[in-house]
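Residue numbers (our numbering), protein chains in the order written: chain A, 1 to 398; chain B, 1 to 398.
Careful, some of the hints might be misleading.
You can't tell identical chains apart in this list, so a pair holds if it fits in one copy or across any two.
[To be verified] Below, simulated EDC-like cross-link-like pairs (lysine to aspartate or glutamate); rule was C-alpha separation at most 20 Å, straight line: (1) K362 x E13; (2) K163 x E112; (3) K362 x E155; (4) K136 x E112; (5) K253 x E13; (6) K18 x E254.
No wet-lab data here; the hints were simulated from the structure.
Number of protein chains: 2
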Amino acid sequence: MPQISQKGQMMPESPIRKLVPFADAAKARGIKVYHLNIGQPDIETPEIALNAVRNFSGNVVEYSHSAGILSYRKKLCSYYETVGINITPDDIIVGTGASEAILFAMQSTMDEGDEIIIPEPFYANYNGFAINSGIKVVPIPSFIEDGFALPPIAEFEKAITNKTKAILLCNPNNPTGYLYSREELEVVKEIVLKHDLFLISDEVYREFVYDGHEHFSVMNLDGLENHVILIDSVSKRYSACGFRIGAMISRNKEVMSTAMKFAQARLSPPTFGQIAAEAAIDTAESYFVKVMDEYLQRRNIVYQKINAIEGAFCPNPKGAFYAVARLPIDNSDKFCRWMLEEFEFEGATVMMAPATGFYATKGRGMDEVRISYVLNVNDLSKSMDVLKEALKVYPGRK
Amino acid sequence: MPQISQKGQMMPESPIRKLVPFADAAKARGIKVYHLNIGQPDIETPEIALNAVRNFSGNVVEYSHSAGILSYRKKLCSYYETVGINITPDDIIVGTGASEAILFAMQSTMDEGDEIIIPEPFYANYNGFAINSGIKVVPIPSFIEDGFALPPIAEFEKAITNKTKAILLCNPNNPTGYLYSREELEVVKEIVLKHDLFLISDEVYREFVYDGHEHFSVMNLDGLENHVILIDSVSKRYSACGFRIGAMISRNKEVMSTAMKFAQARLSPPTFGQIAAEAAIDTAESYFVKVMDEYLQRRNIVYQKINAIEGAFCPNPKGAFYAVARLPIDNSDKFCRWMLEEFEFEGATVMMAPATGFYATKGRGMDEVRISYVLNVNDLSKSMDVLKEALKVYPGRK
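In isolation and in its complexed conformation, chain A is listed as follows:
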């Protein structure tokens, strides 16, 4: 029997998926499982987007342009204008989700053995995309004590080698909910220029920003036109994860023409998803007002209820819909599994993501979990109560 690839052996299992069988077993026992483990929002996809697909009047569902339907890319430019980013349709390659856009960005800029610096904890799938692309993730630490702020410049300098090709940021951050400030990004800019690196910025949670903070995009860092690659997605903005529509955006012509060769090889992004995403750009402002209000309430519940638990701590997330919480536990993998296998409170339990999966450094995140606040206020509040009760009786409590 022929052997699978070493690359395949190295690919990590999703830190979330490995708990799925235990959640399924809990459900089979009749237990209500609150899912705070994934970034699948319960918010409705805008009707205007769904209707665009429902009203599809073509006879043949054709390949689109490899960079995405031109009318969609034009309309995307108008969307970006509303968030202060000025680009042209040629600066955009529509990807099959941000996932594909990240792969395009990595493959266009990095070769086997090259290194990418990412502050940890970070979105676990970056690991998979890096292994897929043959590149090495070099983590630099951010800490829960200061809300997971940008690591100091010295940490970047320590991590840089002659193999370093890029820095990857997620802003607002998944899993921490941290929002990098303009000042922090200006610091990153200096490092990027000094070492002539690419700066890849995953800004799929751009709209999810609280307490009057403002999101500042790396696209607006002057003088980085040839360094910045923006990763985007419609999945979270319109609660449209199943569209599988994202984008890779850059003003660097060479990067874009290189990425286009990868895009052409796979022919095109999904046509229906693009049609829906194009229509979604006309979503009424009232939709977002309502959604943001809902997420703000949820964020407040998580922040307040976690911090009210003895021995637990959670920084106040400024963006996205995640929080990393420190809990008085020995081992977050064990704890999250125990919650599903052995605990229930009033017939319910909670599924969370152990934070270990978001750290590249072994041993970090052992007493932290990621909470996705993607449930309605009532369910979320109950989940927090269940968590509180669980921590009272968890055998590995510290």
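For this one, chain A is given, so just place chain B on it according to the hints.
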């Protein structure tokens, strides 16, 4: 300015796309361009598939399972049963087109520097997927004189090194239209077993088989359960290229669990496309009868009209909707460009794909073009007349 990747520099430009600007210029001059250059059929997508999306009744378009919606994978099993292939939903990972399925197959089985043997001419994007995956394509020659039949076993043996991990076949073949017989595949089986290789078979044109020939799938080669990976797509079967729905199929559990890690990293294939593809499985038999009849007529026109041109030759394609024709020309790249830039007959010209792009061996395919017979009988017939006239006056005629 940071440098793009070597991988990106190596990525080939699509042999078809580089002619697009010349086609656009011809259209701008008011010339009708018959597109025989791409595999985008003009056939209507089945109404039943379109209606499934038009009737979408959900409120949230969610991620699907990373391997694809379970009900779709179950239904796919019933489809495969009708074509004599017995599999379970666990043997299937739904991909974003065959493109992604090929990437999953390569990445799960091969590492940087590994080699894959492919009879040439072959589908040009295999090159891109191989470069993307860091693997080396080792071409072995097939020839127009014998209709591009399977190269003799000695050619495979000559090409095999200690780096060889797989053989890739496309059956029926794009670009040649050749249909490998069961006997030929039994020969491949012996090589695969002798050298313990993977056999990746791209069978997306399974239904497009003419003259009473029958398609034999590698899935039915006994004893190759752990070696065979089937690549499939709904793009051609249902004229649904824009769905971006394909599949990677294997009975090798280790390969599938490895591929699942790549699939999980990118979350899921497109939801709308899967909904449409699931419904498409119920397409009435009459649709296929009509479509096959149409393609048969088209194939006959191409075959007869090309062979009626002095100095031209085209084997009779047994499957798919492509033919590779030998023309009395000096250079197919020059000729195809000349057709767009300098020639017209009664206000029209023809866009074809130079066959050079389908050969990995430099210098092969110089007097060959690929013709996709994706236009209606009238347009196709006119295209052939235009081609005939062009060959009368082409300055590089041999």
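Going down the list of hints, with the structure as the test:
{"no.": "1", "hint": "K362 x E13", "result": "within (15 Å within a copy, 42 Å between copies)"}
{"no.": "2", "hint": "K163 x E112", "result": "both (10 Å within a copy, 18 Å between copies)"}
{"no.": "3", "hint": "K362 x E155", "result": "within (18 Å within a copy, 49 Å between copies)"}
{"no.": "4", "hint": "K136 x E112", "result": "both (8 Å within a copy, 14 Å between copies)"}
{"no.": "5", "hint": "K253 x E13", "result": "between (35 Å within a copy, 16 Å between copies)"}
{"no.": "6", "hint": "K18 x E254", "result": "between (40 Å within a copy, 17 Å between copies)"}
Every hint from the earlier list agrees with this structure, and none is contradicted.
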